[in-house]
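Order-wise, the sequence lines are chains S and V.
Numbering-wise (the numbering used here), the first sequence opens with residue 51 and increments by one.
Numbering-wise (the numbering used here), the second sequence opens with residue 888 and increments by one.
Some hints could be false.
Short, incomplete list of chain S residues facing chain V, as computed with Cβ under 10 angstroms [stated by the list, open to error]:
| no. | residue |
| --- | --- |
| 1 | GLU141 |
| 2 | SER145 |
| 3 | VAL155 |
| 4 | VAL158 |
| 5 | LEU213 |
| 6 | ILE238 |
| 7 | SER269 |
| 8 | ASP329 |
| 9 | THR335 |
| 10 | ALA344 |
| 11 | ALA365 |
| 12 | ILE429 |
| 13 | ILE465 |
| 14 | PHE469 |
It is worth saying that the hints were derived from the structure and are not from the lab.
Since this is a predicted model, take the numbers as computed values, not measurements.
Each residue gets a CB set at the ideal place from its N, CA and C atoms; glycine is no exception.
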Amino acid sequence: MTSDLVLGKITTDNMKMIFVKDRAFTAIFLIFLFLVPSFIFSQAGIEVVVDLEILAPTEINAFDTPNDAGENITVTWETPEDPSGIIVGYEIFKSENKETGFTMVSFVGKGTGEFKNRTQDKVVYYYKVRAKTEDCKFSPFSEISEGVVSRPQLFHTGRINVLVAVVVFLCLLMFFVSTARKGKSLFIRRIAGLDALDEAVGRATEMGKPILYVPGLSSMSDVATIASINILGPVAKKVAEYESMVLVPCADPIVMTVAHQVVKESFLEAGRPDAFNEDMVFFLTDSQFGFVAAVDGIMVREKPATNLFLGMFWAESLILAETGNMTGAIQIAGTDAVSQLPFFVTACDYTIIGEELYAASAYLSKIPVLVGSLKAQDIGKAFLIIVIFAMFILSIVNTGFFLAIATRNTFLSRIIEFFQGLFNV
Amino acid sequence: MKERKGLIIGSVIMIAIFVLMFIKGEPSKSIMVWIAAILTLSIYSFLYKDNVFYKFAEHLFVGVSVGYSVSVVWQNAFIRRVFDPLFITRTYIVNDKFSLYLFLGIVIPTLLGLLMLSIFTKKQAWLIRIPIAFVVGSYAGMGIAPSFQANIFEQTRSTLYVTLSISASIMIVGVISTLVYFFFSKEHKGLLGKTANLGIWFIMIAFGASFGYTVMARISLLIGRMQFLLHDWLGVIK
């Protein structure tokens, strides 16, 4: 048989023998090839190599993250000493049971001793941490933290300064409102852009052309939009008195609804409800450049005598103002978007800059609440001017002391620290 | 005469572009690129004057964007926040128990939204004031604390890092004089007027810098469009 095999003469019997032998060999080979190494590797995977040279993280502390809306727990720990610099980070484990069920939730880099974990409110969580080295060894686990529950906080304690400012502002507001209501005249300085509104509306009336009022492209959540809607009221009232027409294209459906109501009521106040046309206030699109294309079309086709761009604007400001300028309309623009104001200054006849926009509604309507609010804001500004100026002077004086006697003046330093603390510097 | 001249110049430019395209270029074979290019040129034609191409592009732009917005609002607002939670996922049923709190959380905003539609009726149109009052009031109220924080405290905080240097001194003078300009309770005369004038100078210098910076960004946008027309569409430049 051997000779047959050697000679390559394979008979049927020979073949059976070879298969029998081969099957046994294959089976044994497979065992060695797959089972043994897989056993070894699986063991290696399960058994964590603990490096006893690395100390476990200590002083683990888990607590509900303060001043948040809940669903968050902060875990802190003391990082162990690592003179050889082999620690690459820390693994954080979490469980709802103190004894078992810990699963890894995150890995943070070395030098970090804090981790914020997203959780579910009203559930008790336990945490433990271990260090990981470059060669995938681990320190022993830290102690397990105390059970902690996440919950939302009603008040952000870091915003006490805002609360104080709001309360002070409200007190000032109430004082000035009551003063205005008693009939005492509260002075507001002349604002050129707003003085021109009368002229602009009159011009449109004389020319028999409409006034275009764009209340910006933002939503009602924007202060500039709210200010713009406040200005729209007096403007629409003047339009109604002069028996002219106003076009108010809107990019936001809610702004459109509000603007519609404001214009309607202004016409009613002016005693001209019949002159109000439902189509005066209309929605175009909320697409920024789609809106611009449409308003440009209106400016070129309807040729309004006056364009008012008051509210929040972005990149479209120059396109609108340039087209309006091209049509020869008198243009008054106002926004608190600092990056867009230069374009309005360049292309419009009058520009209402930043806070003048907020002041505009009080200036035009002279309503006690609005005038009072403006006065309260001025007091706030005066306070800030005094604080900044005083801080600057005190710093110069304090540095002068420092240069003169080589030590800082404690009293002045304390005053500076007080104001810095007030503004969380 | 002026219009005819512009029309002739425009036509010559267009013919030159097409000649260049057929001689030297490799025009795009994508229909989408052709549509985008034609619409771009239609919008640019407004630089000459209002015309039928611009009107077409404008109406298409507005129509498509409104249609898209309606579909997004329908899907993301109505279906996802009203229809699904009420009828499909029933998020107000927790552990087989009806939660009135969660149910009202869906129903009340929906009703407020529906009140917006009262504008289409004559007798009940006044109902629209309820959602408007809610929206304006809540937005204004919610805006108070962030406005104080962002516009007053944060900015004052940055200014209060007083270091004795020339730039810090200029900044403080700028901040104070600009604040004085926005002081409305007193006539800008005398020292106050001079300080306010200085403030306006600071404001205008800042606007000038901002203007230049933004114009640079706009020119890069124009270059991008030219790149699209000459490279992606006509293949004249590589």
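Hints versus structure:
1. Because the smallest distance between the Cβ of GLU141/S and any Cβ of chain V comes to about 34 angstroms, over 10 angstroms, the interface hint for this residue is violated.
2. At about 23 angstroms, the closest approach between the beta carbon of SER145/S and any beta carbon in chain V exceeds 10 angstroms, and the interface hint on this residue is violated.
3. A distance limit of 10 angstroms between C-beta atoms decides the matter here; for VAL155/S the minimum to chain V is near 26 angstroms, and the interface restraint is violated.
4. The beta carbon of VAL158/S is not positioned within 10 angstroms of any beta carbon in chain V (closest approach about 29 angstroms), and the interface hint is therefore violated.
5. Hint status for LEU213/S: holds, given a least beta-carbon distance of 8 angstroms to chain V, under 10 angstroms.
6. Interface hint at ILE238/S: satisfied, since its Cβ lies 5 angstroms from the closest Cβ of chain V, which is below the 10 angstroms cut-off.
7. Because the closest C-beta pair between SER269/S and chain V is about 8 angstroms apart, less than 10 angstroms, the hint holds.
8. For ASP329/S, the interface hint is violated, the least distance from its beta-carbon to any beta-carbon of chain V being 13 angstroms, above 10 angstroms.
9. Taking 10 angstroms as the C-beta cut-off, the interface hint given for THR335/S holds, the closest approach to chain V being about 4 angstroms.
10. The closest approach between the C-beta of ALA344/S and any C-beta of chain V is roughly 5 angstroms, which is under the 10 angstroms cut-off, so the hint is satisfied.
11. Given the 10 angstroms rule on beta carbons, the hint for ALA365/S holds: about 8 angstroms separates it from the nearest Cβ of chain V.
12. Interface hint at ILE429/S: satisfied, since its Cβ lies 8 angstroms from the closest Cβ of chain V, which is below the 10 angstroms cut-off.
13. Residue-level restraint check for ILE465/S is violated (minimum Cβ-Cβ distance to chain V is 12 angstroms; threshold 10 angstroms).
14. Because the smallest distance between the Cβ of PHE469/S and any Cβ of chain V comes to about 7 angstroms, under 10 angstroms, the interface hint for this residue holds.
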